[in-house]
Amino acid sequence: MSFRWVTLTAMQTQGNNMDPWRGLYAARTAGLAASEVRALFAVASRPEVVSLAGGMPFVSALPKELLTAAVERTIHDRAAVALQYGSGQGMPKLREQILEVMALEGIHAGVDDLVVTTGSQHALELIAKLFLDPGDVVLAEGPSYVTAITVFKSFQAEVVHSPMDDQGLIPQGLRDTIARLRAEGRRMKFLYTIPSFQNPMGVTMPWERRMEILEIARQSEILVLEDNPYGLLYFDQAPPHAMRSVEEDGVIYLGTFSKTLAPGFRVGWAVAPHAIREKLILANEAAVLSPGTFAQTVVSEYLSTADWRAQIDTFRGVYRERRDALLGALAEQLPTLSWTVPNGGFYVWLRLPEHLDSKAMLPRAVKELVAYTPGTAFYADGSGRNAMRLSFCYPTPDFIREGVRRLATVINGELTLLTEFAQTGPVSTLPSEPEGVLPPYAG
Amino acid sequence: MSALTRVVVLAGGISHERDISLRSGRQVADSLAEHGLEVELRDPDATLLAHLRDTRPDVVWPALHGASGEDGALRGLLEFLDIPFVGSSSSAARLAWDKPTAKIIVGRAGVATPRSITLGRDAFRELGMDAIFAAIDDELTVPLVVKPAQGGSAQGVTIVEERENLARAMVEAYTYWDVALVEQRITGTEIAVGIIDTGDGPVALPAVEIEPLSGVYGFEARYNAGETRFYTPARLSPEVAARAAETALTAHAALGMRHLSRVDLIVDGAGTPWFLEANVLPGLTETSLLPQALEAAGHDLGWVYMTLAEAALNG
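Heads up: the sequence lines are chains D and S, in that order. Counting in this note's numbering, the first sequence tops out at residue 445, every number present. Counting in this note's numbering, the second sequence tops out at residue 580, every number present.
The hints are simulated quantities; they were obtained by calculation from the structure and are not laboratory data. Since the model is a prediction, treat every value here as computed from it, not as a measurement. Check before you lean on any hint, since a few could be wrong.
One-sided excerpt, in silico: chain D residues whose CB lies under 7 Å from chain S [unchecked claim]:
no., residue
1, 17
2, 24
3, 32
4, 36
5, 38
6, 248
7, 251
8, 365
9, 418
10, 419
Yeah, the Cβ is synthetic: ideal placement off N, Cα and C, and Gly gets one too.
All chains should be modelled from the sequences, with the hints used to inform the complete structure.
If you want it as structure tokens, here you go:
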């Protein structure tokens, strides 16, 4: 009873902010907030809603019997290893198999050059932890992967975007950005890039550009963090080889089984120059002791017995059909707008008329039972209002077509509304609110 | 008196407030289960009505925010099915859910409510933006509050401090609903008064005073613990607190609300409580106002949620 009395007295005099530990949080947690956009995404999980928002792989296309067999063998034959702590670097056999996967993209490395991580997302976290001090700058494509931005910002780094076109990062834009930051005395640590089927734009950097970007990074003495989740999911022709295929010392390469197998395993990896890799292993151990051995064993068993290359072909077919459905529907329903045409991966970047605000429009979309990710999610600086990312990976082609039909209703409705309220000029834009942290399926 | 054993808690739905509803629903379901009830937590979908018809739970506990949960539609269907449910009837819900309607009804009961105008989008098409804004300028002065006529969690709500932002605020509101309310902003103490009626008549709980750190009790301030400071009971004189409680009870009764509600008021410098809106199903999440008021009044949340279900069953 005395506790209750104390509580009530305190509530009357000082108030209660529902979080007695508020004053104790680290400064870096400032951005960890629930947002309205995040809340709206909750509706996307309902079956009535066509979600073009999430980057969720179509895992139903996986061979269930082969996965079941892999899980059974893991438990029957390899339990002593799979249920035990493992190496902070990841299981040697799986690392050997990862070398085969990477060879498809021209990367030749040794078993000891790579570190298995809990999805490549955790590699991002570890690399940020190794390199970023408060106030450091991370260069990134503008727009860039939402949860990478969240990670870098959580280490109190500033993410500075460098401009892109339909062939990815613009080399001269990068040179200019670096020169400006250098003149301002800023400390740049690395360039984060997704060269193939970029998230969120879906565009791919040609080989010459990759070489030019590498050269700029070399001259500027900044690392390149090459994130390549989608490279093997090409439709018509393979993208150029990874940057890591020609540059060992200046590139940290991230790979994952999340898109070519399944994200539920949370198995990804990083290939890094020797000294960085040693620190990555220590940081990995400090964070998780060892990446999940059970998932690593299942993935390894799957790779040993399944025709995983054929499975990637199956995924390519599924995603190609969905990409075609999305592009066809856009051409039919929204012919006056422009969008990127991806040759692989999961995403199309849709550009809206200048005065449309995709974030402000999201509630209307949810009401029409269609969801997308507003462009603002992919920028650290509030840009991207007049764009959105459409994911074609998860819904069936029919759902995609229906989703675009609904989206056209939403966009046209919003255009009408804005026209009505812009009789004397464009409607002013309200100040940007923080995006907060979006749920995993939104990124 | 029938014995209460089986309760279906409804949470989720496809409204803009789905996420909040899921959190409210879990709180209610867990509390009821702790009191020994057989609880089923369900997301309303195309199978719900058939399921309810087949299984006939003793009571439905709708923890649904937003459209269909609060607008009276689902409640009307439950009335058709003759299944008891917690909270206001479909007709009371419909009146309270529509903010302009609620203002009219509560205003007629003698309660002060800020001067406002309700504008459907069609009005702008017909009469033109400039003419309408000129009329607003003559009658109302900034700061104004622009909100969708229907909806919760401050979604689509803008406080217009500068007149040039009015058009954008209208657009924000219309993104959520085709009718918007433009209301004079009253400066004062923002409070929420919870009302519960477990069978002995409606009782006003201690008012919760809301002091958002950002100055505006918007979405982020509502659902991120630490972003708002709450004072329970509100820092009002006993006379003003009593007036606020009476005002909330008047609103609850005028709208014909049942079992529970939350009435949002602003108390101005002269101690007058102004009615803003009444909530059919107030938020019941960890950071919500009604649970704070219940705890401050010494109630056990589970006991209250169960007693409300019993009142629904035997009411």
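Hint by hint, here is what the structure shows:
no.: 1; hint: 17; result: holds, 4 Å
no.: 2; hint: 24; result: holds, 4 Å
no.: 3; hint: 32; result: violated, 11 Å
no.: 4; hint: 36; result: holds, 5 Å
no.: 5; hint: 38; result: holds, 4 Å
no.: 6; hint: 248; result: violated, 46 Å
no.: 7; hint: 251; result: violated, 43 Å
no.: 8; hint: 365; result: holds, 5 Å
no.: 9; hint: 418; result: violated, 9 Å
no.: 10; hint: 419; result: holds, 6 Å
Hint compliance for this structure: hints 3, 6, 7, 9 are not met, and every other hint is.
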